[in-house]
Amino acid sequence: MSNLGHEILIPSNNKREMHDSQENRVRLNDLSDCVLLHILSYLNSIQAVQTCILSTRWKHLWKYIPTVKLHYSRNSPTVKRFDIFLSNMLALRDNSIALQALDLDRGLIEPQLLEKILNCVYSHNAHIRQLEISAISQSYPILSCVSSCKALTSLKLSLYNIGNKNYSETLFPKSLNLPLLTSLYLVNFTFCGFENGCVEPFSPFTKLNSLVIRHSKIKKAHILHISNETLVDLAMRYNSFNFVEIQLSTPSLCRFTFPDSLDQKICGTGLSCVKHVNIDAPQNSYLMKHRFVLLGWLRDLASVESLKLTSITLQILSLVPDLLKVKLPSLCNLKSLEVELIPHYNELLIVLMKDDMLKKAIPKSFEEVAKLRKAFKAGLKLPSIPDGIVDFLRQNSPSAQVIITT
Amino acid sequence: MAEEVSSQMNSLSISETNPSSSATISLVSGDDIVFKVEPTIAKEMETVQSFIDETDGKITTIPLPNISSHDLPYVIEYCEKSIAGKITKEFEAEFVKKLNNEEVKELFLAANYLNIKKLLDFLSQVIADRIANKSVEYVRRYFGIENDFTPEEEAKLREELAWTFTGVDPDDEDEN
Chain V
1 MSNLGHEILI PSNNKREMHD SQENRVRLND LSDCVLLHIL SYLNSIQAVQ
51 TCILSTRWKH LWKYIPTVKL HYSRNSPTVK RFDIFLSNML ALRDNSIALQ
101 ALDLDRGLIE PQLLEKILNC VYSHNAHIRQ LEISAISQSY PILSCVSSCK
151 ALTSLKLSLY NIGNKNYSET LFPKSLNLPL LTSLYLVNFT FCGFENGCVE
201 PFSPFTKLNS LVIRHSKIKK AHILHISNET LVDLAMRYNS FNFVEIQLST
251 PSLCRFTFPD SLDQKICGTG LSCVKHVNID APQNSYLMKH RFVLLGWLRD
301 LASVESLKLT SITLQILSLV PDLLKVKLPS LCNLKSLEVE LIPHYNELLI
351 VLMKDDMLKK AIPKSFEEVA KLRKAFKAGL KLPSIPDGIV DFLRQNSPSA
401 QVIITT
Chain G
1 MAEEVSSQMN SLSISETNPS SSATISLVSG DDIVFKVEPT IAKEMETVQS
51 FIDETDGKIT TIPLPNISSH DLPYVIEYCE KSIAGKITKE FEAEFVKKLN
101 NEEVKELFLA ANYLNIKKLL DFLSQVIADR IANKSVEYVR RYFGIENDFT
151 PEEEAKLREE LAWTFTGVDP DDEDEN
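Chains as they are written, first to last, in the UniProt record's numbering: chain V, 1 to 406; chain G, 1 to 176.
Chain G extracted, bound-state conformation (with noise of 0.2 Å):
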């Protein structure tokens, strides 16, 4: 705890004596935690950006009410190796590995808040790759759609679709 605070003090007065470039920026998850990144990473993240650009660099701490602490440790570090022209098909595999579904979809809100295309297109492989090949059902527990067709407008529109109804098995192939 210490040596955190001797750290944090450290990185507190470099960023007193060269407050241009290398002061780090405080994002403040939703549940009001702390996160010290370099401005690299924040370069990463669209919306914080322009948000430090708009106020000339002067406000370093970002609030950020939709991402939660759970949540953004994840964002930071996918820009992270990002940054370090590190993101390999076996980093994308380890770290798809540890998220369940509902942590794809918090991941893939906060990639779309902060504008991070990288990680917005990732995700969104990764959630095409979780609904391909379920059943409707799933498909709208999965986005959480409600129902809206009458069962005679549903079934109308699968004959007047047919031709992507019938016959045509989704592909179930291996991506490479």
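The shape of chain V in the complex, shown without the other chains (with noise of 0.2 Å):
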């Protein structure tokens, strides 16, 4: 208990012994029915009602779960009674119970039953706080359900529009106006930019505290702004936003994933008060400006204190000529340096990188150069971390810890 760094004034026989040798001492079903649903909420729906069978109390008690969570398991076969099940439990829960959250991954949803749900949400929209759906559906009439829900704080929404029979894309609406929002998550959108080519989707969440955004794109626009005050976290993820440029003015942002591709500019004063930081280059990222773009990045952290990347980032930032010699101004808080090694599957880069170890022998001897590619020809792994770059990064803060995870 020491370690816990807690003083203790009157010393006492340990109790841990008499606590191991009850079993089942502490009965939760003695607590009241309000702290019971406050668990139940946290289960998804399926067994939250089927905890009626555990005794006469617990009957109905599933009816007054503030919370819907279901997810769809891609494995099972039982698509209908999945169906079954969500619109039995929406007809027999007590609509008197304020709905708070409601999480939903479901994939295909029929119009009929994608009604009742969004029917359930619009008759709780003013206490629903919490929304995360994930489906391949209409999107439009779950758009607008969602721009009725003004006390949300918390959105996830990942859809897969379908128009006429095809997929057709989500276009992020302009109107969204949820004043309370902290925090929006959104998967597979298209940004639509205004005529002088800027999109700038989020200022109306005035309080949002934490952005994701994964699979989408930008449509009409060559600038995409950020610039929420209060946002802290920022994560983007597998988009298309190639030769898109990110601006970025958000004086509060502590956390931030990179883009996975190096052929976006970000720029703007975001990035001088970021501490935690992602860095996760793709593998094909191997043309000269993508090295630099690294670099840039690195050189634009002045506050970071956790830095995470891959090896193959480290192996494309180790291909910038003469990297050890660089003097970086940034990087002098770090704390924790985090690497996470990754196999290779692009030749390329490691083609590239064996070019690159020969010419860095040749100044040294012939022998140097004739033994390495000896080595090359009998199979010689490249090192997942390449030499020296590790003290690299750490240059401007010696002692700080370094993780290799994997």
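Some clues are possibly wrong.
Said to hold, decoys possible - With a straight-line cut-off of 25 Å between C-alpha atoms, the simulated DSS-like cross-links for lysine-lysine are: (1) V:150 <-> V:207; (2) G:86 <-> G:58; (3) V:374 <-> V:354; (4) V:335 <-> G:89; (5) G:156 <-> V:80; (6) V:156 <-> G:117; (7) V:150 <-> G:117; (8) G:89 <-> V:308; (9) V:359 <-> V:371; (10) G:134 <-> V:63; (11) V:63 <-> G:89; (12) V:217 <-> V:265; (13) V:275 <-> G:89.
Said to hold, decoys possible - Where chain V lies over chain G, by a calculated footprint (3+ residues, C-beta under 8 Å): (14) 37-45; (15) 102-109; (16) 133-144.
In short, the hints are calculated from the structure, not lab data. Please read all numbers here as calculations on a predicted model, not as lab measurements. Here a beta-carbon is modelled for each residue, glycine too, at the ideal position from N, C-alpha and C.
With the hints as a guide, bring both chains together as one complex.
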């Protein structure tokens, strides 16, 4: 207990042994309905409804759970039963109990079922605070329902829009006004720009704290502007934002996951204050300009404390000519450096690295080069983390802890 | 030991010169062990804070008869992390790894009694995870529930709610 750092003034016998011998001492069933409902609200709805069988006390308890949480697992062959369950549950739950959260991951939703779900959301739209919908369906009805939920603090949408039997893009609505929203997670959206070539989709959310954008794209714009003063967390992955400039005016930004494309320019004031950074460069970014983009990012990270990158990212970076001689003006407060080891699937990067090693060997001696060539032929494996690069990153904070993960 | 006493004296003398804001709070566990915590920690515990407020901060020793000296350090650790803004998924995973089922339940009771919302939410999720996809009997044991249905009643209920008991497998996907 002393390792937890609290002073213990009156010593007493350790009660731990007594603890372990008395199994099932704690009876949660003695708690009030209200507390049990709190636990039930964290269960998926199927199991939550099934608690009706536990005892007479629990028979109707599930009807008062303020949340609906249903994830359809792809392996399950029971799509139809899933839908029957959902409509029965929505019909039988006590509708006078405000629905606070809906978390639905269903895949393809039939219009009739969607209507039932959305009607339920509409009828609680003044109370519902968390909404997560992942669905293949018509996006428009879902988005217009979402826009009616003015109390939302957390929204996660992953929508694959089906128009006239075909998939079509889901445009992020320009007029979505959710004043209390603090967390936004968007998958598969298209952000459409204005005439000035700019797109700034998130400015109406003045309390936004966390933003994740995945598998999305930008249309009719070459600048994505994110200017939320309150934004602390930002992650952008798997998007097709190629050749779009990202402007960050985010003075509170603390955690940032860089886009997984080195064809994007990131500018603005956002990067200088970031404390926790994640960089995962794709294996096909071996052009000379990509290497300098990475180096540029690192230069901008003035206050970063924890930096997490992949071994691939380090390998790309190592191809910057004379990298180890570069003096970084940044990374002065680095406390931890985490490298995730990623296996190669792209031969080109390996070829480039071997070539780079040979070039570096030339000034040393001819024998060195020959030895290296021979070793490569014999199948010499390249180090996952290029020599010297960890110390290069720690040049301004040599005591930073290094963590290697797989 | 000597060091501990002197640091304790220090904190006492500081609290004498500046009684209003920086006085530490003494939390007394059910088995009479005193834990000294910063007032910011007490703020996380709504029950404790409202007790302090009600006595205009004059009383700084708070008995917590329902909470053992085994559980209280965990609660304090969580509150400290929470104040520092360091509640991460990794921390929570490590935190919960140390706890067996009984300890999770005890901490849940403690969080409920102390009214620490974040800890209560977190432990609710832990309990939900621990009973996910478990048999009815397991869940009854976990909650300490005595089945007071007759076999006929139970069978009837299963039939009435067949839409929840047949054909639908509980979701066994990982949360992320």
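Hint numbers the structure violates, sorted upward? Of the numbered hints, 2, 11, 14 do not hold.
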